[in-house]
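Q: Listed below, chain by chain, are the residues.
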Amino acid sequence: MKTTTLLKIVVMLMFSFPIHHTKAGEESACFKTEDMGDCSRIVLSHVDFKSVVLQFVDPAESELGEGLARLFWREILTSISNVGGAGVILAYDRQGQITGSLGEQDPQYFLHNSYHRAALKIAQNQSAQMAVWGAVLNDGDGIYVQNYLTLHEPKETPWTTMAVSFSSEYGVSIPFMRKQFSLPAVTGTRAELFTQIFYTRCKLSAGCPRGIPLKSSPNDSSDIAYYARDGDPVSVVDMQHKWLQVQNANQEKAWINIYHLEMHPKQVRFDNVTNVNIRVEPNKEKLASVDLNGAFKVLDVNLSRNYPWYLIKTNNHTGWIRSDLASSRTYFFPAVHLIAGLYRYYAQDYAVAIAEFTEYLNMVPEQDNVTKASIYKLLAAAEMAGNTANTFYLMRANEYLEKAKSYTPYDASVHSQSALLNMARKPQFLSSITLLEEAYELNPHDPGLNILTEFLLELEKDGRLTIVANHSDLTEAKARLLALQQKLDLQ
Amino acid sequence: MLYKMAISKAVLIGIVAFSMPIYAQCLLSGQVDSKNVPISGTKIILINDNRVVASAVTKADGSYNVAYTEPSSSAPTVQIIVEANGYLEDKRNIFRSPQQKCPLVSTANFSLLAAQSVSENQSANPSFTIFISPFELYGSDDESLATKFNQDLPDFIFHKIMDYKTNLELGTVVGDMSIKVIEEVLSPSQGAEIRSLGHQKGALAMVVGDVAISSGENKELGLISTVKPIPIFENIEINSMLIKDTLPAGKLRPSTVGQQLNDHWGKQALIAYVLQQLSMHQGAWDKTELDKMERILISVKSTLSGESDPYKSAVDQLLMIVKEKRA
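Keeping their order, the protein sequence lines are chains F and A.
Quick note, this note's numbering runs 202 ahead of the 1-based positions in the first sequence.
Quick note, this note's numbering runs 133 ahead of the 1-based positions in the second sequence.
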């Protein structure tokens, strides 16, 4: 075995990869020019639910393609750190194969064709449910990170479905989600990109008795410039691959491996948290009891306790607050909320999923009606999940679907979703049929429409339509259902 | 204010006030050509408040100079009409702002299209290319800003179209589209000329526009783009869409423009794509092709915002046609 390979393995083993329950993985051989997307090995093969973050295409020649993908990867890991059975893979390229494939092609054309295909292929290859991909573009005197999310959802194992169980024998689930999302772009000058607070943290399994090593140049074999103390805040000024260039109080610059940095939110939000203690120092004496509502800039973070503490400034006080009191955090890549919500949805942690989706919804501009509608559809599905017997949750889900319909009234899948919701509300069954008829007019190929109609035909065949319909509605329901069967050409 | 002026296709905002006599003499000069060949004897007619206020004829080098009395504040628009035998007429509006008496625009160049080269409603070689006429910048002598804007514009538009197409998962259903910048400078008021040139080029759509830059501390760009889808099929054509944006002039970045230029571009392009497919069709209808067109239209429709969406009618009409052809 070559010495360099051995070194790499040693370095990999030295870092403690698992962050709580969530697994992190990396793969550097997925971008062969002739067959982009074919990875040489399967990473995190025992992890059920995972996403893959692809290095960003870099036509701007910013050399941030890998670095920004690493930041995204780390932020996703941070946001889902306590989700068991989940993982995030980074697919990066140090051989210049992505740039080689791009060649003289139009970057947008390459991105939306070859690279998009590669993203999907890597997701399939790695059995990942999501792929994040994009590009770093020039943006005046700054850069512009264009990013996308593709959901990989094989027909046999769909996971963004809305399910209702009507009895121990009868239940149905329908797909309702788009598979593609344009994510909010990140823009700014190179310096502006790194205004977030980073903190050093030793990630070597053997510990860092002399402190965190900072290198004089961005590579593993470089000399150590100096050691930083564990937990020190650092000001990041640039990035190259897995190395961040930091500057200390004496204006000395050095490079630190991204593994040795903790990323924390730029801002935290509190939702009507009343009578909480704001402290002089973390876990020390109380400065005052305050009511918090709204967003606060994070002035500092303390990691010395079991959970982080945030230094924030209220109207009258500047002090430390426990991080677990915050309802949400602002990430460098806003789409982390959507991705974290999808992880939680899969993990059936619906309350947190709803919080994450809501957070993301608030960031989507009003004119982006399609994304707004998609998030409302997710919210409805999350509200309904496991709560179909509870009228309160059904009402809330219905409100979300009405919102979705107001944004995209001609999307057949919203109508199918509403039909399923109304089936859970038994007295509403005839309106379910109406919604299915409307869905048919909008898109006869809508999967939800076809699945629900087949399910109802099966109930009818078994003489069990009364599970979803009142006796008084049966005659009309059957007639309309048969008409729908003929239109859809179902057996 | 810029926005209001933009609505009326404004080209001017200025705050510099000059001390002038009550009736100021305003000057306008420029050059007229066709494909870089000067046209002499072209009539330049200035109209204000529904009457001709001045006229001139271009010299051998295509240049002209014309003086006219300041427009009144109640009728601040001056229309320039350019007429030359054998060429399509061109028109452009300039404005005085409340702060000054003469319009800030004192130079106006025109590139005329030869009349005989245009055949109505007939695209000789239909293509899936969107043609952009360079946007003219008013209110600033900063040529580099206009040059940069015109260089970046095709990328902005292509980016938005690709985004929309990818989001609808139509990557393999919709074929390639391209964007080209043409030399001819057209203004949004030249509806007939835009359509004629579009047919001549077999365009998927024509994009023309103006950029007005405001003066003062907080410079802003007022951007008016007219997108005219060109294909026509069975008397169905898509109306021109006027897209108005206001952008900070100091931040003419893809991100800013990208956020402003919304899904209109993608919707227009995909509807025009279907129309072009229909207009190019010959012989018996192929089910696979009709299925593809139906899928595109259903996908576009699923993103429309309601009954008042400007594309609803065109999408419904096209869906009806596809259904009929299938039957």
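Derived by calculation from the structure, the hints in this document are not laboratory data.
We put the beta carbon where it would ideally sit given N, CA and C, even for glycine.
Certain hints may be false.
Partial chain A-side listing against chain F, Cβ under 7 Å, derived [to be verified]:
| no. | residue |
| --- | --- |
| 1 | Thr305 |
| 2 | Gly308 |
| 3 | Trp418 |
| 4 | Asp419 |
| 5 | Leu437 |
Only pairs whose alpha carbons sit at most 20 Å apart, straight line, appear in this in silico EDC-like list of lysine to aspartate or glutamate [to be verified]:
| no. | chain 1 | residue 1 | chain 2 | residue 2 |
| --- | --- | --- | --- | --- |
| 6 | A | Lys176 | A | Glu222 |
| 7 | A | Lys377 | F | Asp308 |
| 8 | F | Lys605 | A | Glu440 |
| 9 | F | Lys323 | F | Glu228 |
| 10 | F | Lys323 | A | Glu302 |
| 11 | A | Lys456 | A | Asp378 |
| 12 | F | Lys381 | F | Glu394 |
| 13 | A | Lys458 | F | Asp343 |
| 14 | F | Lys689 | A | Asp378 |
| 15 | F | Lys515 | F | Asp551 |
| 16 | F | Lys417 | F | Glu454 |
| 17 | A | Lys281 | A | Asp378 |
| 18 | A | Lys281 | F | Glu639 |
| 19 | F | Lys607 | A | Glu367 |
| 20 | A | Lys313 | F | Glu306 |
| 21 | A | Lys456 | F | Asp432 |
| 22 | F | Lys515 | F | Asp493 |
| 23 | F | Lys381 | A | Glu302 |
| 24 | F | Lys515 | F | Glu487 |
| 25 | F | Lys607 | A | Asp449 |
| 26 | A | Lys313 | F | Glu640 |
| 27 | A | Lys281 | F | Asp308 |
| 28 | F | Lys405 | F | Asp432 |
| 29 | F | Lys444 | F | Asp473 |
| 30 | F | Lys628 | F | Asp570 |
| 31 | F | Lys689 | A | Asp442 |
| 32 | F | Lys323 | F | Asp240 |
| 33 | F | Lys574 | A | Glu457 |
| 34 | F | Lys628 | F | Glu639 |
| 35 | A | Lys377 | A | Asp442 |
| 36 | A | Lys456 | F | Asp664 |
| 37 | A | Lys425 | F | Glu643 |
| 38 | F | Lys689 | A | Glu440 |
Q: It remains to establish, for every hint, whether it holds in the given structure.
A: Here is how each hint holds up against the structure:
1. Thr305: Violated: closest Cβ of chain F sits about 9 Å from threonine 305 of chain A, beyond 7 Å.
2. Gly308: Result: violated, 11 Å to nearest chain F Cβ.
3. Trp418: violated, 19 Å
4. Asp419: violated, 18 Å
5. Leu437: holds, 5 Å
6. A:Lys176 with A:Glu222: holds, 10 Å
7. A:Lys377 with F:Asp308: Given that 20 Å is the threshold and the Cα spacing comes to 27 Å, the pair is violated.
8. F:Lys605 with A:Glu440: holds, 16 Å
9. F:Lys323 with F:Glu228: holds, 16 Å
10. F:Lys323 with A:Glu302: Roughly 15 Å between the alpha carbons, so the hint for lysine 323 of chain F and glutamate 302 of chain A holds.
11. A:Lys456 with A:Asp378: violated, 37 Å
12. F:Lys381 with F:Glu394: Given that 20 Å is the threshold and the Cα spacing comes to 32 Å, the pair is violated.
13. A:Lys458 with F:Asp343: violated, 52 Å
14. F:Lys689 with A:Asp378: violated, 45 Å
15. F:Lys515 with F:Asp551: violated, 32 Å
16. F:Lys417 with F:Glu454: holds, 12 Å
17. A:Lys281 with A:Asp378: Holds, because 17 Å separates the two Cα atoms, which is no more than 20 Å.
18. A:Lys281 with F:Glu639: violated, 52 Å
19. F:Lys607 with A:Glu367: Violated, at roughly 32 Å.
20. A:Lys313 with F:Glu306: With Cα atoms ~17 Å apart, lysine 313 of chain A and glutamate 306 of chain F stay inside 20 Å; holds.
21. A:Lys456 with F:Asp432: With a Cα-Cα distance of about 68 Å, the restraint between lysine 456 of chain A and aspartate 432 of chain F is violated, given a limit of 20 Å.
22. F:Lys515 with F:Asp493: holds, 12 Å
23. F:Lys381 with A:Glu302: OK: lysine 381 of chain F and glutamate 302 of chain A at ~7 Å, within 20 Å.
24. F:Lys515 with F:Glu487: holds, 17 Å
25. F:Lys607 with A:Asp449: Holds, because 18 Å separates the two Cα atoms, which is no more than 20 Å.
26. A:Lys313 with F:Glu640: violated, 41 Å
27. A:Lys281 with F:Asp308: The hint holds at about 18 Å.
28. F:Lys405 with F:Asp432: holds, 10 Å
29. F:Lys444 with F:Asp473: At roughly 36 Å apart (the allowed maximum being 20 Å), aspartate 473 of chain F and lysine 444 of chain F break the hint.
30. F:Lys628 with F:Asp570: Given pair lysine 628 of chain F, aspartate 570 of chain F is violated - Cα atoms ~34 Å apart, limit 20 Å.
31. F:Lys689 with A:Asp442: It is violated: about 28 Å lies between the C-alpha atoms, which goes past 20 Å.
32. F:Lys323 with F:Asp240: The given pair, whose Cα atoms are some 7 Å apart, holds under the 20 Å limit.
33. F:Lys574 with A:Glu457: violated, 34 Å
34. F:Lys628 with F:Glu639: Holds, at about 18 Å.
35. A:Lys377 with A:Asp442: It holds: about 16 Å lies between the C-alpha atoms, which stays within 20 Å.
36. A:Lys456 with F:Asp664: Violated, at roughly 36 Å.
37. A:Lys425 with F:Glu643: With a Cα-Cα distance of about 17 Å, the restraint between lysine 425 of chain A and glutamate 643 of chain F holds, given a limit of 20 Å.
38. F:Lys689 with A:Glu440: violated, 26 Å
Hints 1, 2, 3, 4, 7, 11, 12, 13, 14, 15, 18, 19, 21, 26, 29, 30, 31, 33, 36, 38 from the earlier list are contradicted by this structure; the remaining hints agree with it.
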